[in-house]
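Trainee: The chain contents come next:
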Amino acid sequence: MEKQDNLDNINQPEEVRVGVYVCHCGGNISDVVDTKAVVEAASKHPNVKIARDYVFMCSDPGQKLIIDDIRENNINRVVVSACSPTLHETTFRKALRRAELNPYLYEHINIREQDSWVHKGDHEGATAKAIRLTMAGVEKIARQDPLEPIVVNAEGHVVVIGAGVAGMRAALALSRRGLGVTLIEKSAQMGGRTRELDTVYPTEEKAADIIAQLEKAVRDAKVDVRLNSEVEAIEGFIGNFEILIKSADSKTAKARAGAIIMATGFNHYVPYEGEFGYRQSPEVLTLPEFNKLLTELPPSQKLTYKGREIRSIGFIHCVGSRQTEGIHQPQPDGKVNDYCSRVCCTSALHTIHRTLDRFPDLHIYDLYKDIRTYGRGHEDYYERASKRGVLFFRYTDDGLPVFTPPQKDKTATLTVKDVLTWNEEVTIPVDMVVLVTGMMPRNIANLITMLKLPIGADRFLQEVHPKLRPVELANNGILVAGTCQGPMDITECSSAAGAAAAKVSILLSKDTIEMDPFVARVDTARCDGCQLCLAECEYKGALTMAENRAKVNPALCAGCGSCVAVCPTRAINVAGWTLDQFDAMIDAIGAEETESELVPA
Amino acid sequence: MSITVNPDFLKEIKRYGAFDINACFNCGNCTAVCPLSDPNGSFPRKLIRLGQLGDKERMISGPEPWLCYYCGECSETCPRQAEPGEYMAAVRRYAIARNEPSGIAGLMYRSGTMAILVTVLVGIVLGAFMLTQNIGRNPSHWIFSDVSYQMIHYVGMGISVLAVLAFLGGVYKISSRLSKYSPSKTDPSKRMVALKRTIAEIVTMSRHRKSTPDSEPGPWYRQSAWIHMGIMFGFLGLLAATALDFIFLELLPLHLSVFWPARIIGTIAGLAMIWGVSAAIVRRLNHVEKNAEHSRLPDWWALIFLFVIGLTGFWLEIAVTFGLNGAVNNWFLLLHVAMAMELVLLFAFTKMAHVIYRPIALYMYYLNQA
Numbered sequence: 001m002e003k004q005d006n007l008d009n010i011n012q013p014e015e016v017r018v019g020v021y022v023c024h025c026g027g028n029i030s031d032v033v034d035t036k037a038v039v040e041a042a043s044k045h046p047n048v049k050i051a052r053d054y055v056f057m058c059s060d061p062g063q064k065l066i067i068d069d070i071r072e073n074n075i076n077r078v079v080v081s082a083c084s085p086t087l088h089e090t091t092f093r094k095a096l097r098r099a100e101l102n103p104y105l106y107e108h109i110n111i112r113e114q115d116s117w118v119h120k121g122d123h124e125g126a127t128a129k130a131i132r133l134t135m136a137g138v139e140k141i142a143r144q145d146p147l148e149p150i151v152v153n154a155e156g157h158v159v160v161i162g163a164g165v166a167g168m169r170a171a172l173a174l175s176r177r178g179l180g181v182t183l184i185e186k187s188a189q190m191g192g193r194t195r196e197l198d199t200v201y202p203t204e205e206k207a208a209d210i211i212a213q214l215e216k217a218v219r220d221a222k223v224d225v226r227l228n229s230e231v232e233a234i235e236g237f238i239g240n241f242e243i244l245i246k247s248a249d250s251k252t253a254k255a256r257a258g259a260i261i262m263a264t265g266f267n268h269y270v271p272y273e274g275e276f277g278y279r280q281s282p283e284v285l286t287l288p289e290f291n292k293l294l295t296e297l298p299p300s301q302k303l304t305y306k307g308r309e310i311r312s313i314g315f316i317h318c319v320g321s322r323q324t325e326g327i328h329q330p331q332p333d334g335k336v337n338d339y340c341s342r343v344c345c346t347s348a349l350h351t352i353h354r355t356l357d358r359f360p361d362l363h364i365y366d367l368y369k370d371i372r373t374y375g376r377g378h379e380d381y382y383e384r385a386s387k388r389g390v391l392f393f394r395y396t397d398d399g400l401p402v403f404t405p406p407q408k409d410k411t412a413t414l415t416v417k418d419v420l421t422w423n424e425e426v427t428i429p430v431d432m433v434v435l436v437t438g439m440m441p442r443n444i445a446n447l448i449t450m451l452k453l454p455i456g457a458d459r460f461l462q463e464v465h466p467k468l469r470p471v472e473l474a475n476n477g478i479l480v481a482g483t484c485q486g487p488m489d490i491t492e493c494s495s496a497a498g499a500a501a502a503k504v505s506i507l508l509s510k511d512t513i514e515m516d517p518f519v520a521r522v523d524t525a526r527c528d529g530c531q532l533c534l535a536e537c538e539y540k541g542a543l544t545m546a547e548n549r550a551k552v553n554p555a556l557c558a559g560c561g562s563c564v565a566v567c568p569t570r571a572i573n574v575a576g577w578t579l580d581q582f583d584a585m586i587d588a589i590g591a592e593e594t595e596s597e598l599v600p601a
Numbered sequence: 602m603s604i605t606v607n608p609d610f611l612k613e614i615k616r617y618g619a620f621d622i623n624a625c626f627n628c629g630n631c632t633a634v635c636p637l638s639d640p641n642g643s644f645p646r647k648l649i650r651l652g653q654l655g656d657k658e659r660m661i662s663g664p665e666p667w668l669c670y671y672c673g674e675c676s677e678t679c680p681r682q683a684e685p686g687e688y689m690a691a692v693r694r695y696a697i698a699r700n701e702p703s704g705i706a707g708l709m710y711r712s713g714t715m716a717i718l719v720t721v722l723v724g725i726v727l728g729a730f731m732l733t734q735n736i737g738r739n740p741s742h743w744i745f746s747d748v749s750y751q752m753i754h755y756v757g758m759g760i761s762v763l764a765v766l767a768f769l770g771g772v773y774k775i776s777s778r779l780s781k782y783s784p785s786k787t788d789p790s791k792r793m794v795a796l797k798r799t800i801a802e803i804v805t806m807s808r809h810r811k812s813t814p815d816s817e818p819g820p821w822y823r824q825s826a827w828i829h830m831g832i833m834f835g836f837l838g839l840l841a842a843t844a845l846d847f848i849f850l851e852l853l854p855l856h857l858s859v860f861w862p863a864r865i866i867g868t869i870a871g872l873a874m875i876w877g878v879s880a881a882i883v884r885r886l887n888h889v890e891k892n893a894e895h896s897r898l899p900d901w902w903a904l905i906f907l908f909v910i911g912l913t914g915f916w917l918e919i920a921v922t923f924g925l926n927g928a929v930n931n932w933f934l935l936l937h938v939a940m941a942m943e944l945v946l947l948f949a950f951t952k953m954a955h956v957i958y959r960p961i962a963l964y965m966y967y968l969n970q971a
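Line by line, the protein sequences are chains A and B.
As numbered in the numbering used here, residues 1 to 601 make up the first sequence, in order.
As numbered in the numbering used here, residues 602 to 971 make up the second sequence, in order.
No wet-lab data here; the hints were simulated from the structure.
Errors might be hidden in some of the hints.
To be verified - Capping the alpha-carbon separation at 25 Å, the derived lysine-lysine pairs in BS3-like fashion look like this:
no.: 1; chain 1: A; residue 1: 410; chain 2: A; residue 2: 335
no.: 2; chain 1: A; residue 1: 369; chain 2: B; residue 2: 647
no.: 3; chain 1: A; residue 1: 387; chain 2: B; residue 2: 657
no.: 4; chain 1: A; residue 1: 387; chain 2: B; residue 2: 612
no.: 5; chain 1: A; residue 1: 410; chain 2: A; residue 2: 302
no.: 6; chain 1: A; residue 1: 417; chain 2: B; residue 2: 781
no.: 7; chain 1: B; residue 1: 657; chain 2: A; residue 2: 417
To be verified - Computed from the model, here is a short list of chain A residues facing chain B with C-beta under 7 Å:
no.: 8; residue: 362
no.: 9; residue: 363
no.: 10; residue: 387
no.: 11; residue: 389
no.: 12; residue: 423
no.: 13; residue: 427
Just so it is clear, CB atoms sit at the ideal spot from N, CA and C, and this is done for glycine as well.
This is chain B alone, in the form it adopts within the complex (with noise of 0.2 Å):
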C-alpha cells in the first residue's frame, strides 16, 4: 500500500496546534523516552510521520492518539524543539472533530472565539427554555418556582436522549476506523482479556500514573492522575446519584429520606470532582502541567463547566437544606441545570469526547497486544 504525499495536511493539522511539528526529522527520540510507546502502539514519531505525509485517515485509525497521555517527557527531549508532546495532543483534537459529523467540534478547536459562540448560544438557549415554557409551574418547592422541576426532568430527559445518540454515533466512527487497521478475527476468549485489562486499566489508571514524571513534585493528592481519578469518579458518582434519583423518586413511588442513597453518594462524589477540578485547574494555572500551555479552549471546557457545576450544587445543596429562600438562588438553579445539560449535549464536541475514544483505542489495543 504506497501512500501518496498530501502536502497540505500540515497546515491543517496545525489549526488544531502542533505549531512547531515541521521541525520535526525523524530522529525518533520521543517515541525511545516514551514510557507508553512500545511495538503494538507506537508514537509520537510514526503518527508525526504520517501528519507530514499527509495520511490523515491512517493517523486516526489507529489507538495511538489516545495511548497518550501528554506527559511531556518526548517534548522535554526533542533536540528540534518539534514539541512532539502537544502534536498529540493536536492528533486528538484533530481526531475528535472528524469522529462527530455536524463539524462543530472542529469550528469550536479551531477558533476559540466560536467555541465563545457555540458555549454561550447552547447555555443561552437552553436557559431561556426552562425558563419561558410553563410546564408544571406548581412549584413543590420555592426552589422550583422559576424552573419547575417538571421542566428539568423533560429537558434532562431529552438532552439524555440525544447525548446517548451522540455517543452511539462516536462509538460506531471509532470502531469503524480502528477495526479497519485490526485483526479482522480475534477469538472470544482474547474479547474478554482485552475488556478486562481495559476495565482494570480505567479503574486503576496504572498507565497515566506510568507515564507521570518521576520529576512530578507534591503528595499523591497533586498527582495528574489522581486528580484525574477524582474527577473521573466524581462525575461517575453524580451520574449514578441522578440516575438513582430519577428511579427512586420518578419510578418507584417511594418517598425516602433526601440523604438517602442520592443525596450521600451525590455529596461525596462531588467533593471528589470538586477537589479533582480545583486542583487540575490549579496545576495548569501554576504551569506545573506544562502540556496545557497551549490548550484549547474546549480543552478547558469541562473543568471550568464541572468546577461550576460542583460549585453552583454545593451552593444550592446548603441553600435547601437551611431554607435560604432567595432570588438568587433561583438563578443558582438556572446555571446549574443549564450548565450540566450542555455538558451532557455538548460532551461529544469537546475534551470530554475521550470518555469514548480513549477506552476503545485502549481496547483495541490490548486486542492486538492479546
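Here chain A stands alone, though its shape is the one from the complex (with noise of 0.2 Å):
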C-alpha cells in the first residue's frame, strides 16, 4: 500500500502496533454510534492490531484494558474515540505514562461532540463518520514520532504592569503565595482609575478607602513598587523574562521575572467636539467630569454651575459604546466603538443617588438605549431610580438625543425619538447634560508591538479563549487582568486579578515549566536558507537563524503552523501534527466507501 511506503520517512526501529478503543459513553455515543461497527472496520487496518469498545474507556477498568494491552500485548501506539479531547486527551496519555510508553504516542478521535450529538437521527451516517474519523486516526499516529514535553526553567518572580485596582489585587495575592513582585506604575501614585471616584457601587464604599488598604497591604507584603516608571523593553519566554525598566527621571533597573501580568487598564471615552453639544455648550460634561463636579462641590443646598443654578440634568447612555457603523463618527483606526462598555448603566445610576441624596428636587432624565444593569445588587439602583423620580427615554439608532443649546429666554433642551413613548418625538428641557461615557484600552501599543500582543476588534486585549483560558494570553506567561482586557468594573477586576494570580502561582508553583511540545521543529537537511518562515512568524524570538538554516526557540514557539505552510521544501513541522500526518488523515477521511460503511447499522 502507499501509505505503508510513508511510513519508511520515519525513523522506526519497531514495528507499528496501534491499539484502538471505542468508548460508549455509557449510551452517549453507542446509541447512536454502531460501535462494533467501528471496531470492526478498525481491525482490518493491517497497523491495528487490537480494537476493543468499552462503555466507560476513562473509567479505570476501561483504562486498565489500554495498560493491559500495551504491556502484555505489544501495543505501541493507542487511538481512543471517545468524546471531546478537551475532556479526557490528559487521562489517557497519563495511562500511557503508566504503562511506561510515551504519551505522546496517544490520538484522541472525538466521535461524541462531533458525531454522536450531532447526528442522533442518522445512525448509519454517524457509524460512518466514527469509521472515518477513528481510521484518520490510525493513519495520524502510526505517523507519531515519540515527543518529550519542553522543559524550561522558572523563575520565582512575577512583573505586574500598572498598579490599578487588578494590579494591586494581583500584586498582594502573588506575594501572598511566597512570588516576589514587581509592580510598575507609570504615574506617581497607586490606585488607578479608582481614585477619579468618591463612592463605589455596590457596596458604597470610599473609592480612597478601597485605594488606602489595598495600598498599605501591597507595601507590608514587600511588593517591589516602582512608581513613575514605565516598561522600556522586555525580552525572553515563558519563566524567563526580562524587563528593563525606565523611570520617569530616566535611571533604569532590571527585573527578571517568570511570568508577566498585563494590568494596563483603561482610558475614558472622549467625546469629539459636537457630540452632543460637548465642548461647544459649557452646560455638556462627561460622566468622569461631573462625579468631579460633584465631589468638589462644597456644601450648598442649590447645585450650580458656572453660576448658573442647575434643576434639571440629562443624561445619555452608551457615548463611545455600542456605536454603528454609518452612524457613529469612528476612532483614528477607522473603526467606531461596537461592544458595549458595560459599567457605564450602573455607574451613571450610581451617579444620579448621589446627586439625588444632595440635591432631592432635582429633575433628572436618564436617557438610555438599554439599561444593563446585571450585576449583583446592580438592579437595585435602576429600581430605586424610578422610585425617586428619575424619568427614563429609550432611544435607537434611528433617533438618536438631539442637544440644542439654550436660547435666549429658554432653557437647553434634548429632543429624542422614545421608543416608550411609541416612537414619538419628546423635547425635555434640561440644564445640565451628563455623556454617560465608555470605555477604551489604554494606549499599550509600545507593549503590544515589543511582545507582539493579541488584541481583538475592539481593541482590548484578548484572552486564549473566554470561557476555557479567560486570563491567559496566547503568549505563554503573559496574563491578563482587568481592563486592558475588557470593560469591567471593580469587582470583576479583583476576580480577574485573582485568576490572573492563581493562574501564575500554579505555573511557578516548581523550579521548571513543562509544555507541551507541539511546536515547529526543523529538518536541517531539507531547509535551504530561505527565510521565508521567519517573515511569517507572529511570536518575537521563536524563529531565529543559525548557520544558515531556520532555528526555533521551543519556549517561544506557538505551534500555530505559519511557518509550515510557507516552507517551499517541507522542511519545517508541527511536532506532532507534520504535513505527512495531515496528508495520511486526509487521505483516510476521504477515502473510497469501505465495505464495512455498506453494511447497515
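Put the two chains together into one complex; each comes in its own frame, and the hints tell you how they fit.
Mentor: Next comes the structure, spelled out in C-alpha cells:
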C-alpha cells in the first residue's frame, strides 16, 4: 500500500502496533454509533493489532484495558475514539505514561460532540463518520514520533504592569503565595482610575478607603513598587523574562520574571467636539467630569455650575459605546466602538443617586439604549432611580438624542424619539447634560508591538478563550487582569486579578515549567535557508537563523504552523502535527467507501 | 407633534391616588394582561407614560380612562408594584375634576376633610331650606307636616334643572375633549353602529363582566358586574318611578291607587338597588374588591348615599303604609329627601359622574372601531 511506503520515512526501529478503543460513553455514543462496526472496520487496518469497545473508556477498568494491552500485547500506539479531547486526552496520556509508553504516542478522536450528539437521527451516517475519523486517527498515530515535553527554568518572580485595583490585587495575591513581585506604575501613585471616584457601587464604600487598604497591604507584603516607571523593553520567554524598567528620571533597572501580568487599564472615551454639544456648550459634561464636579462641590442647598442654578439634568447613555458604523463617528483607526462598556449603566445610576442624595428636588432624565444593570445588586440602583422620580427615555440609533443649546429665554433641550412613548418625539428641557462615556483601552501600542500581544476587534487585549482560558494570552507566560482586557467594574477586576494570580502561582509552583511539545521543528537537511518562515512568524524570537538554517526556540514557539504553510521544501513541521500526518489523515477521511460502511447499522 | 416634558404633573396626579406610579419602568406587562385593552384603546401603559411626561391634556382626552373597570389584573402582574390599576382610577378622578369647571370635585378628591365638609354643608343647607320655608305647609298627610310635599316638589324641580345643566356641561366637556382625538369625518351609519353597541354594552355590561377575574369567588349575585347592574337598574328604576309619579299625580289629574304604577316600579327598583349597594359595600369592606383599597371619599359617596336613601325610603314606605305616625318618621323624610337631592345635585362632582363619561367614551371607542 502507498501509505505503508510513507511510514518508511520515519525513524521507527520497531513495528507500529496500534490499539484502537471505541468508547460507548454509557450510551451517549453507542445509542447512535454502531461501536462494534467501528471496531470491526478498525481491526482491518494492517497496523491495528487490537481493537475493542467498552462502556466507559475513561473509567479505571477502561484505562486498565489499554495499560494491559500495552504491557501484554506490545501495543505501542493508542487511539481512543470517545469524547472531546478537552475532557479526557490528558487522562489517557497519563495512562500511557503509567504503562511506560511515551504519552505522545496517543491520539484522541472525538466521536461524541462531533458525531453522536450532532447526528442523532442518522445512525448509519454517524457510524460511517466515526469509522472515518477513527481511521484518520490510526493513520496519524502510525506516523507519530515519541515526543518529550519542553522543559524550561521558572523564575520565581512576577512583573505586574499597572498599579490600579487589578494590578494591586494581583501583586498582593502573588506575594501572599510567596512569589516575588515587581509592580510597575506609570503615574506617581497607586490606585489607577479608582482614584477618580468618590463612592463605588454596589457596596457604597469610599474609593479612597479601598485604595488606601490595598496600598497598605501591597507595601506590607514587600511588593517591589516602582512608581513613575515604564516598561522600556521585554526580552525572553515563559519562565525567563527580562524586563527593562525606566523611571521618570531616566534611570533604568532590570527585573527577571517567570511571568508577566498585564494590568494596564482603560481610558475614558472622549467625545468629539460637538458630540451632543460637548465642548461647544458649557452645560455638557462627561460622567467623569460630572463626578469630579460633584465631589469637589462645597456643601450647598443648590447645585450651581458656572454661576447658574441647575434644576434638571439629562444623562445620555452609551456615548462612545455600542456605536454603529455609518451613524457614529469612527476612531482614528477607522473603527467605531461597537462593544458595550458594561459598567456605565450602573455607574451612571450610582451617580444619579449621589446627586439626588444631595439635591433631592432635581429633575433627572435618563436617556438609554438598554439598561444593563447586570451584576449583583446593580438592578436595585435602577429600580430605586425610578422610585425616586428619575424619568427614563429609550432611544435607538434611528433617533439619537439631539442637544439644542439654550436660547435667550429658553433652557437647553434634549429631543429624542422615545421608544417608551411609542417612538414619538419628546422634548426635554434641561439645565445640564451628562454624557455617560464608555471605556477604551489605554494606549499600550509599544507593549503590543514589543511582545506581539493579541488584540481583539475592540482593541482590548484578547485572551485565548473566554471560558477555557479567560486570563491567559496566546503568548506563553503573559496574563491579563482588569480593564486592559475589556470593560469591567472594580468587582470584576478583582476577580480577574485573582484568577491571573492563581494561574501564575500554578505556573511558577515548581522550578521548571513543562509545556506540550507541539512546536515547530526544522529538518536541517531539507532547509535551504530561504527565510520565508521568519517573515511569517508572529512570535518574537521563536524563529531565528543559525548556520544558514532556520532555528526554533521551543519556549517561544506557539505551534501555530504559519511557518509550515510557507516553507517551499517541507523542511519545517509542527511536532505531533506534521504535513505527512495531515496528508495521511485526509486520505483516510476521503477514502472510497469501505465495505463495512455498506452494512446497515 | 412633539411632547414637551412637564415633570411636575406626576406630583399633581399623585394627589388623586397613584402614589406608586414612579416605579413604572414601562415594561407593558399591564397592557399585555389587561382583558380589555386593545390597539384602539391601549392602556394602562400609554396613560402612565403620558402622565410621566406630564401630557395631562392628552391623558384625559381619549376614551381609555373610561374603558377600564379596575379589575386589578394589571396591579397583580406589575413587576415593580407600581399599581397601574390604581393609577387608572386616579386618572378617572383627575378627569372628573377637570371636566367640571367649579373645582369642587378636585377639592373633594384631593382632601377627605373637604369632601365631608362640602357634603355636610350642602346637606344642611338643603335640609334647612326645606324646613324653614313655609310654602304650602298645608299637610295633606301627616308625613308632610314638617316638610311639605310642595316644598319637596319645587326644590326637586330646581335641583333637577341644575343637575341637567351639570349633565349637559359634562357631556359638552368630554365630547369636545374626545373629539380632538377622534376621526373628524364619520358616516352616519357608523355612528348608528357605535350607538347601538354602546347601548348594548350599558344594558349587558359585557365588558365589565369580561374584566372580572376568573378568580372571582362566589355565585353571580356576589360578583361585581351583576352588583353594578343591580345598582344601575335600581337607580334608573327609581328615577323612572319619580318621573311617573310626577306625570301621573301632577300633570294629569288622575288619582290612581298608590300601588300603581310608580310604587310598584319604585319598590322593585329600590330592592334591586338596596341589594346592589349593600353587596358592593360588603365587598369593599371585606377587601374582595381590591381596587377599593385606595378609594377616596367621593368614590364611596354614591354608595353611602344610595344606601341611606334606599333604607330610609323603605322605612318611610312601611311607615306610610301602616300609618306609623311619629316625629322620627318626619325626620327620616327630611334625611331621605335632602340626601336624594344632594345626590342628584353633586353627581357630576363624584364618582357618579362616570354615568356621563363612560357611555360617551364607549361610544367614541366603538366609533373608532367601526
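Trainee: Now tell me, hint by hint, if it's right for this structure.
Mentor: Status of the hints after comparison with the structure:
1. Taking the CA atoms of residue 410(A) and residue 335(A), the gap is near 38 Å; set against the 25 Å cutoff, the hint is violated.
2. As the CA atoms of residue 369(A) and residue 647(B) are separated by approximately 20 Å, the hinted pair is consistent with the 25 Å bound.
3. A threshold of 25 Å between alpha carbons decides the hint, and for residue 387(A) with residue 657(B) the separation of about 20 Å falls inside it, so the pair holds.
4. In summary, the hint linking residue 387(A) to residue 612(B) is supported, as the alpha carbons are separated by about 13 Å, within the 25 Å threshold.
5. Proposed proximity of residue 410(A) and residue 302(A) is supported: the alpha carbons are some 20 Å apart, at most 25 Å.
6. Annotation: proposed proximity of residue 417(A) to residue 781(B) holds, straight-line Cα distance about 23 Å (limit 25 Å).
7. The straight-line distance between the Cα atoms of residue 657(B) and residue 417(A) is roughly 20 Å, inside the 25 Å bound, and the hint therefore holds.
8. Hint on residue 362(A) is violated. Least Cβ distance to chain B is approximately 10 Å, over the 7 Å limit.
9. Proximity of residue 363(A) to chain B holds as hinted, the smallest CB-CB distance being about 5 Å (cut-off 7 Å).
10. The interface hint given for residue 387(A) is met, as the beta carbon of that residue sits about 5 Å from the closest beta carbon of chain B, less than 7 Å.
11. Hint on residue 389(A) holds. Least Cβ distance to chain B is approximately 5 Å, under the 7 Å limit.
12. Violation of the interface hint for residue 423(A) is found here, the shortest Cβ-Cβ separation to chain B being roughly 12 Å, above the 7 Å cut-off.
13. For residue 427(A), the shortest C-beta to C-beta distance to chain B is roughly 5 Å, which falls under 7 Å, so the interface hint holds.
Checked against the numbered hints given earlier, this structure breaks hints 1, 8, 12; the rest are met.
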